[in-house]
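Going down the list, the protein sequences come from chains A and B.
When you line the first sequence up against the numbering used here, it's residues 1 to 113, in that order.
When you line the second sequence up against the numbering used here, it's residues 1 to 116, in that order.
Keep in mind that a hint or two might mislead.
No farther apart than 30 Å at their CA atoms in a straight line, the calculated lysine-lysine pairs in the BS3-like style are these [to be verified]: (1) B:K24 - A:K49; (2) B:K78 - B:K68; (3) B:K78 - A:K100; (4) B:K24 - A:K100; (5) B:K78 - A:K69.
Partial chain A-side listing against chain B, Cβ under 8 Å, derived [stated by the list, open to error]: (6) Y32; (7) Q42; (8) G43; (9) L44; (10) Q45; (11) L51; (12) G53; (13) S94; (14) G97; (15) L101; (16) R108.
Worth flagging that the hints you see were computed from the coordinates, not collected in a lab.
No experiment lies behind these values; they were computed from the predicted model shown.
Yeah, the Cβ is synthetic: ideal placement off N, Cα and C, and Gly gets one too.
These are the residues of each chain, in order.
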Amino acid sequence: AQSVTQLDSQVPVFEEAPVELRCNYSSSVSVYLFWYVQYPNQGLQLLLKYLSGSTLVESINGFEAEFNKSQTSFHLRKPSVHISDTAEYFCALSRGGFQKLVFGTGTRLLVSP
Amino acid sequence: DAGVIQSPRHEVTEMGQEVTLRCKPISGHNSLFWYRQTMMRGLELLIYFNNNVPIDDSGMPEDRFSAKMPNASFSTLKIQPSEPRDSAVYFCASSLGVTGAQETQYFGPGTRLLVL
Numbered sequence: 001a002q003s004v005t006q007l008d009s010q011v012p013v014f015e016e017a018p019v020e021l022r023c024n025y026s027s028s029v030s031v032y033l034f035w036y037v038q039y040p041n042q043g044l045q046l047l048l049k050y051l052s053g054s055t056l057v058e059s060i061n062g063f064e065a066e067f068n069k070s071q072t073s074f075h076l077r078k079p080s081v082h083i084s085d086t087a088e089y090f091c092a093l094s095r096g097g098f099q100k101l102v103f104g105t106g107t108r109l110l111v112s113p
Numbered sequence: 001d002a003g004v005i006q007s008p009r010h011e012v013t014e015m016g017q018e019v020t021l022r023c024k025p026i027s028g029h030n031s032l033f034w035y036r037q038t039m040m041r042g043l044e045l046l047i048y049f050n051n052n053v054p055i056d057d058s059g060m061p062e063d064r065f066s067a068k069m070p071n072a073s074f075s076t077l078k079i080q081p082s083e084p085r086d087s088a089v090y091f092c093a094s095s096l097g098v099t100g101a102q103e104t105q106y107f108g109p110g111t112r113l114l115v116l
């Protein structure tokens, strides 16, 4: 069975500081990896995804994540956060095909001035 | 595009009552997902349709829950009878449904259900 572990339930950080949200996964087969973001009182939105190719993937708003197969990780990073990045971030994986997404428990990013 | 539409946005009901949640996926999307989100259990997939056919309903908690997709533009999630432990935010999501799980899922705004 596949699983996703997000080690930090909450990450407080000051505006303009760097941040890393950790995600580790467990799977015996190749997987696709995703980061979704949920702003308060909204549904989830895709932030970025790794399907194949370059192990470093980037989003349009400055986030990036690196797929590390040896460490079974897909950590999310941003060099300088904004207040507007305050949200909950979910890591997810899928085996592909018509297999379902498996979500982690989420990490709440709290950015303060 | 209007995105995924869910109704109602909020529902308050009493234990034992029937609850019906509705979802209209994005036009042209062939896969539809129902999720439940609670503080205790996080985000759980309840059921997943592709081309109106249920593909995976292993997440449906018990017989009190049922979901239908009579056509490509409409789905319902019904709880009968409802219980206080069903209180949660229920999300509907859709995707193109051509190549599978690597496709982006687009989430609706959710229905916040409170069962008293």
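A quick look at each hint next to the structure:
1. For the hint pairing K24 of chain B with K49 of chain A, the CA-to-CA distance comes to about 25 Å; that is within 30 Å, so the pair holds.
2. As the CA atoms of K78 of chain B and K68 of chain B are separated by approximately 9 Å, the hinted pair is consistent with the 30 Å bound.
3. Taking the CA atoms of K78 of chain B and K100 of chain A, the gap is near 21 Å; set against the 30 Å cutoff, the hint holds.
4. At roughly 20 Å between alpha-carbon atoms, K24 of chain B and K100 of chain A fall within 30 Å of each other, so this suggested pair holds.
5. Taken as a hint, the K78 of chain B and K69 of chain A pair is broken in the structure, with Cα atoms around 41 Å apart against an allowance of 30 Å.
6. Given the 8 Å rule on beta carbons, the hint for Y32 of chain A holds: about 5 Å separates it from the nearest Cβ of chain B.
7. The interface hint given for Q42 of chain A holds, since its Cβ lies 6 Å from the closest Cβ of chain B, which is under the 8 Å cut-off.
8. The criterion of a C-beta within 8 Å of any C-beta in chain B is met by G43 of chain A, whose closest approach is roughly 3 Å, and the hint holds.
9. Taking 8 Å as the C-beta contact cut-off toward chain B, the hint placing L44 of chain A at the interface holds, the least distance being around 5 Å.
10. For the restraint placing Q45 of chain A at the interface with chain B, the shortest Cβ-Cβ distance is roughly 7 Å, inside the 8 Å limit, so the hint holds.
11. At about 5 Å, the closest approach between the beta carbon of L51 of chain A and any beta carbon in chain B falls short of 8 Å, and the interface hint on this residue holds.
12. Proximity of G53 of chain A to chain B is violated relative to the hint, the smallest CB-CB distance being about 12 Å (cut-off 8 Å).
13. Taking 8 Å as the C-beta contact cut-off toward chain B, the hint placing S94 of chain A at the interface holds, the least distance being around 4 Å.
14. Given the 8 Å rule on beta carbons, the hint for G97 of chain A holds: about 5 Å separates it from the nearest Cβ of chain B.
15. The restraint placing L101 of chain A at the interface with chain B holds, with a minimum CB-CB distance near 6 Å, inside the 8 Å limit.
16. Checking R108 of chain A against chain B: minimum C-beta separation of about 11 Å lies over 8 Å; hint violated.
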